[in-house]
Amino acid sequence: MSQPVYHYLALGRLGRGEVLNLFLKDAGIATKDVLYPYDESWPATSEKLTQQGLTRTGLLPALEYNGEIYTQHIPTLRFLARELGAYDGETSHEKYIVDAVADTYIDWRSQWVASLKGATDEYKNSVVPKYYRILGQYYSERPGPYLLGEKITYVDFAVYQSIDNERRTGTLPETLPESLVKLQDAIEARPNIKEYIAEHK
1 MSQPVYHYLA LGRLGRGEVL NLFLKDAGIA TKDVLYPYDE SWPATSEKLT
51 QQGLTRTGLL PALEYNGEIY TQHIPTLRFL ARELGAYDGE TSHEKYIVDA
101 VADTYIDWRS QWVASLKGAT DEYKNSVVPK YYRILGQYYS ERPGPYLLGE
151 KITYVDFAVY QSIDNERRTG TLPETLPESL VKLQDAIEAR PNIKEYIAEH
201 K
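Its first residue numbered 1, the sequence shown is counted upward by one per residue in the UniProt record's numbering.
Incorrect hints may appear among the rest.
[Claimed, not checked] Okay, derived cross-link-like pairs now, DSSO-like style, lysine-lysine, Cα gap no bigger than 27 Å in a straight line: (1) Lys48 to Lys95; (2) Lys201 to Lys32; (3) Lys130 to Lys95; (4) Lys95 to Lys25; (5) Lys182 to Lys201; (6) Lys117 to Lys201; (7) Lys124 to Lys32; (8) Lys117 to Lys151; (9) Lys117 to Lys48; (10) Lys124 to Lys151; (11) Lys117 to Lys130; (12) Lys182 to Lys130; (13) Lys151 to Lys25; (14) Lys25 to Lys182; (15) Lys182 to Lys124.
Bear in mind the hints are in silico, worked out from the structure with no lab data behind them.
Build out the structure end to end from the sequences listed, making use of the hints.
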C-alpha cells in the first residue's frame with residue numbers, strides 16, 4: 001500500500017480535518033500531510049482541487065488511500081473503521097448508537113462554524129448547552145470512558161474535537177458532564193494522541 005496522503009487546511013488543531021487526523025494518528029497510519037493556507041488564496045486553491053478531482057465540494061479534508069480519494073470526514077472515518085475492522089460498534093445496536101452520536105455532532109458542527117463569525121446568545125445559551133446535555137446522556141449510559149465503554153470508536157474523536165474546538169474559540173461551557181470529562185482525559189492519554197498533542201499544542 002502506498003503511503004496515504006492527507007489534505008487539509010493549515011489551521012493548527014482546529015476544524016473537522018483534525019478529527020480525521022487524530023483518528024489516523026491513533027490508528028498508527030502514517031500519512032504524507034499536504035496543508036493549504038486558509039487565506040485569500042484559498043478560493044482559487046479550492047477551485048483547483050475541485051478541478052483536479054481531489055474534492056467534489058471544494059472542501060477539505062481529503063484522504064488519498066489505496067488509489068481512491070475519500071472526502072467528508074465522518075463518512076471517511078466510517079470507511080476507515082470498516083477497513084480496519086475496529087473503531088466501530090460490533091452489533092447493529094452499537095453501530096446505531098455510534099452513528100446517532102455522529103449525527104448529533106454533525107448538527108452541532110454546522111452551527112459552530114456559523115458561530116466563528118461571532119457567537120450569538122442563542123448559540124452560547126441554547127445550542128451549546130443542548131449539545132453537551134445530549135452527549136452527556138449518551139456517554140453516561142455506559143461506564144466509559146468512551147461511548148461504548150472501554151472500546152473506542154470513530155465518533156469519540158469527533159466529540160473530543162468538538163470540545164477542543166469550543167475551548168479554543170471560547171464557547172465551551174464552564175462545566176462539562178463528567179462523562180465527557182472522562183472521554184477527554186482518556187483520548188489525551190492514548191499514547192499516539194498524547195505524543196501528537198505534546199508536539200502540536
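Inset, instruction - Would you mind confirming whether the straight-line C-alpha gap from Lys182 to Lys201 stays at or under 27 Å? - result: holds (20 Å)
Legend entry - Restraint status (C-alpha distance of Lys151 to Lys25 at most 27 Å): Holds, at roughly 17 Å.
Inset, instruction - Starting from Lys124, check that the Cα of Lys32 is at most 27 Å away, please. - result: Cα-Cα ~37 Å, so violated.
Inset, instruction - Quickly compare the C-alpha distance for Lys117 and Lys48 to 27 Å and report which way the hint goes. - result: holds (26 Å)
Inset, instruction - Compare the distance between the alpha carbons of Lys117 and Lys201 with 27 Å, and conclude whether the hinted pair is satisfied. - result: holds (23 Å)
Legend entry - Pair hint outcome, Lys117 versus Lys151 [Cα-Cα no greater than 27 Å]: violated (36 Å)
Legend entry - Lys130 paired with Lys95 [C-alpha distance capped at 27 Å]: holds (23 Å)
Inset, instruction - Would you check the hint for Lys25 and Lys182, treating anything up to 27 Å between C-alpha atoms as holding? - result: holds (20 Å)
Legend entry - Holds or violated: Lys182 to Lys130, with C-alpha atoms at most 27 Å apart: Roughly 19 Å between the alpha carbons, so the hint for Lys182 and Lys130 holds.
Inset, instruction - Quickly compare the C-alpha distance for Lys95 and Lys25 to 27 Å and report which way the hint goes. - result: holds (22 Å)
Legend entry - Hint consistency between Lys117 and Lys130 [alpha-carbon to alpha-carbon, up to 27 Å]: With a Cα-Cα distance of about 21 Å, the restraint between Lys117 and Lys130 holds, given a limit of 27 Å.
Inset, instruction - Below or equal to 27 Å on CA atoms is what counts here, so check Lys201 against Lys32. - result: holds (20 Å)
The structure is inconsistent with the numbered hints 1, 7, 8 and 10, although it conforms to all the rest.
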